[in-house]
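Residue strings, one per chain:
Protein chains: 4
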Amino acid sequence: MNNQILLIDCPDRKGLVYNITKLVYSRDLNIISNQEFVDTAANHFFMRTVIDGNSLDAEFKQQLVDVLPDEANIRLTVIKKRPVVILATKEPHCLGDLLLRNTYGELPCDIKAVISNHTHLQSLVESFGIPYHHVPVGVLSREDHERKVDQFIRKYTPEYLVLAKYMRIFSPKMVRNYPNRIINIHHSFLPAFIGASPYQQAYNRGVKIIGATSHFVTEKLDQGPIISQDVIPVNHTYTAEDMASAGRDVETNVLAKALKLVLEERVFIFEDKTVVFE
Amino acid sequence: MNNQILLIDCPDRKGLVYNITKLVYSRDLNIISNQEFVDTAANHFFMRTVIDGNSLDAEFKQQLVDVLPDEANIRLTVIKKRPVVILATKEPHCLGDLLLRNTYGELPCDIKAVISNHTHLQSLVESFGIPYHHVPVGVLSREDHERKVDQFIRKYTPEYLVLAKYMRIFSPKMVRNYPNRIINIHHSFLPAFIGASPYQQAYNRGVKIIGATSHFVTEKLDQGPIISQDVIPVNHTYTAEDMASAGRDVETNVLAKALKLVLEERVFIFEDKTVVFE
Amino acid sequence: MNNQILLIDCPDRKGLVYNITKLVYSRDLNIISNQEFVDTAANHFFMRTVIDGNSLDAEFKQQLVDVLPDEANIRLTVIKKRPVVILATKEPHCLGDLLLRNTYGELPCDIKAVISNHTHLQSLVESFGIPYHHVPVGVLSREDHERKVDQFIRKYTPEYLVLAKYMRIFSPKMVRNYPNRIINIHHSFLPAFIGASPYQQAYNRGVKIIGATSHFVTEKLDQGPIISQDVIPVNHTYTAEDMASAGRDVETNVLAKALKLVLEERVFIFEDKTVVFE
Amino acid sequence: MNNQILLIDCPDRKGLVYNITKLVYSRDLNIISNQEFVDTAANHFFMRTVIDGNSLDAEFKQQLVDVLPDEANIRLTVIKKRPVVILATKEPHCLGDLLLRNTYGELPCDIKAVISNHTHLQSLVESFGIPYHHVPVGVLSREDHERKVDQFIRKYTPEYLVLAKYMRIFSPKMVRNYPNRIINIHHSFLPAFIGASPYQQAYNRGVKIIGATSHFVTEKLDQGPIISQDVIPVNHTYTAEDMASAGRDVETNVLAKALKLVLEERVFIFEDKTVVFE
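Residue numbers (the working numbering), protein chains in the order written: chain B, -10 to 267; chain S, -10 to 267; chain R, -10 to 267; chain W, -10 to 267.
Hints are not guaranteed to be accurate.
[Unchecked claim] Okay, derived cross-link-like pairs now, DSBU-like style, lysine-lysine, Cα gap no bigger than 30 Å in a straight line:
hint: 1; chain 1: S; residue 1: K209; chain 2: B; residue 2: K209
hint: 2; chain 1: B; residue 1: K137; chain 2: B; residue 2: K50
hint: 3; chain 1: W; residue 1: K50; chain 2: W; residue 2: K262
hint: 4; chain 1: S; residue 1: K69; chain 2: W; residue 2: K79
In short, the hints are calculated from the structure, not lab data.
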């Protein structure tokens, strides 16, 4: 992992790849991999380059600024363990899976804490040696509850918040505090079955496939940029509960995959959609 | 295929399987396969039994009536080539695939004719030796056009109408003429992207999976009982046109599969949903 | 779960379903679900019936014996937490997933202990409050090591042994001690890539899909009856290590699914293959 | 489609992307898309660049030669209808599908003729207005039959030969005549079930998934570079014939996809494997 990752997106124009790779070449560096995409409808250019070694610096970034359009977003980074806080409610499947992956280094993150409005998951989390903060709703207003939750979050200065079946909806204000930094798992194949009880909705409709969607959280419920989706077949023998049970495995896999893509710096957000260089 | 198929659905009660199989046994017949399902929420029983030979008759059916609840639906049938009329517009992929399968006996049907509001598909259909009726819309009202279409359909007394990317919507009256007899392919993973331009909708939403849905047509647009669905992955490099192109293969496969399930007498319709014994 | 499950397999003949359901009806019991299959090539009948309540007994079983062929296998059981011992080596993904599912009641089993030839997984297992037995190979012969492992197993009288990436091969004698009771996960889409280093083999061959297979262990390596399989797409960018990493999720899901099918009494073994009533 | 496609593969070294894009930029041309891959194990570089317009020429190619390693393979091409000859035996599904796609422009090819050792498919092919050459084996030796087949092939100077369920094996000499130009569909998930009767083999093994593989034909049977693979689930109710029937849809889709990838110039062959830029 002794590599640097260069992420650039900007309005498209001729010579972008040339100008960028010229700078890399001038440093006598090797390109491990290079992925580009031009959204021709939006005339926007995306590029993810993995560069051997660790020698690029602010000066290099300034040289990039000089050859790229003014609107360019430039990110020069490395893959390393990012601090993450998880929010959950009662269900253990996504949370437990992330804790396991965290323990065994399958995800480049460092889960700092888990916050929940219930106590159901406390012993699980603590068995992994990770702090668990129970913030009951009780008589608190939504705003007050969220404020208390945010106080715990801020203690850990996470780069990402992961909503691992957190069954409460963040206020627009809360979402704005963590722009493009909150990753949610929704238990349906969005945009089908937005909102509550998607498995019951799926059962009522008699679908033959169910799914799960991981997306960034924006101010519009279940409308944020989709990172990853997957599905499994079901049939008439599935009750809504059976669908929920079968769906748990899909939710678990989709959330883990989405988080991995984000942590490996493979995801661009652009106009309510993602560009994902797998 | 020298077998009879017995399809029964009725309110559930004790002894149904016993009473039905007793009658079969009393005729000294062999059960090739037997599939049952009880919708416990609706307390409704479904059974599909394949019986060796061809000896069951009206008397047997009457004996069934005597031991089953009054509300029982009983169908004693065989798998044989059913007359089918296909409606299409301009796109050849679903139609061409069904014509091939029809020619090679992969589907137990006999495609009697194809009706279209355009001429694009005429030479394809006629190269298979099948009549093609062009019913242009021109200045006709929707009712008049539909009436002319229906006149052609009636000439062939089809058991099923297949809408193989027929881009017009049947009136409620037309739907009522063919209850549970019209099979449509919708180019999305319903209930996502109901209505027009589903691939454009999917593109706009930035989904990572697209799909297709085959369903019976009811008076409510895209709301009929779902027979079969399938999906394929897509990504940010897909334009709406690319999604449409990739989706064509899914549409083709899903429609063929749904039609096969129906023609093999594997599909029950019950309260806006299907029970499919695969 | 207050139901009884009746599993019957025997040579096929007329009247089997009738005779079985007659007995159930004579007890005035309700059939919740009923699945049958006749292997026509082998002329063998399989049936799985879920019966409401808990009243069937040895007398009922004797009545079944009286109406079924002499060779019939009859199992009258319930779904309940079965004692299970897991064997593992160093990899945590399958083991951790099973421990989570065990904790949250997603699998009807009770994991009694984990045995490993290494210490890597000890803290994980013990954090779930489950005994961990380290049986190092060291200078032990294969027979002596296996004997020590079996001594630990016998302490727990498990109904099933689960090999969750246990990288040692049981002797034929050990396999015979647990006939149809040992469930393994193999990290390839069997029968492709039998034996060691399947991901390296898959990489060398340049396949575009990799998979995993859960099967019962028999005396022939990787040849036992297959319970469940699944796959994921890969491409030229995957190294053998990337394939192994991607494959871990498939292995995890396939093993959990296979174990669930077995514990829910859905699996018959017949002549090196399985009949699985999902 | 007014674009040029530049395909380069060569030993990897620093500055390749820079040097290539510099040349493109010097012509004031726009890069529509650019995909690269470095096989780090083999230290080999692959790049596929789509360039706006049609102005690149032999001089440009010479300039590339000057800046690339001596061993570089350089292909400057466009996507256009390539002449193709199909070989088939008796089964219509893959052939019919390709004929439909050919008719409707879904594949950038021009099917010039179909050659078969049987007459079963003659009327199908001729209904599409395409020449059909029947070359019966009869008393001909394998060499003589192949020579006659090749005489028909040569009349059409095809760029690719497609074996659409052609059930005969080409001699090494024949394969050498069309290096990297023969595309086959094998009815199994290779390397499982190499050789004859893969569905019977799959049935005997009791697999839960079956598949199909499209690959380039080399002198080693079923060992050529894999272009595309796909699978579908099966279960104990499938006979070998049912598997073959279900498998036909997979074969059809996989062959069409592989041919599309090749015709769209997305496939590199390197050391018995492919690099596919989808």
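> Holds or violated: are the alpha carbons of K209 of chain S and K209 of chain B at most 30 Å from each other?
Replying inline: holds, 29 Å
>> Hinted pair, alpha-carbon criterion (30 Å max): K69 of chain S, K79 of chain W. Please report holds or violated.
In response: Holds, at about 24 Å.
>> Check the hint pairing K137 of chain B with K50 of chain B against an upper bound of 30 Å on the C-alpha distance.
In response: violated, 39 Å
> Is the hinted pair K50 of chain W and K262 of chain W satisfied, with a Cα-Cα distance of at most 30 Å?
Replying inline: Holds - the C-alpha atoms of K262 of chain W and K50 of chain W are around 26 Å apart, at most 30 Å.
Taken one by one, the earlier hints fail for this structure only at number 2.
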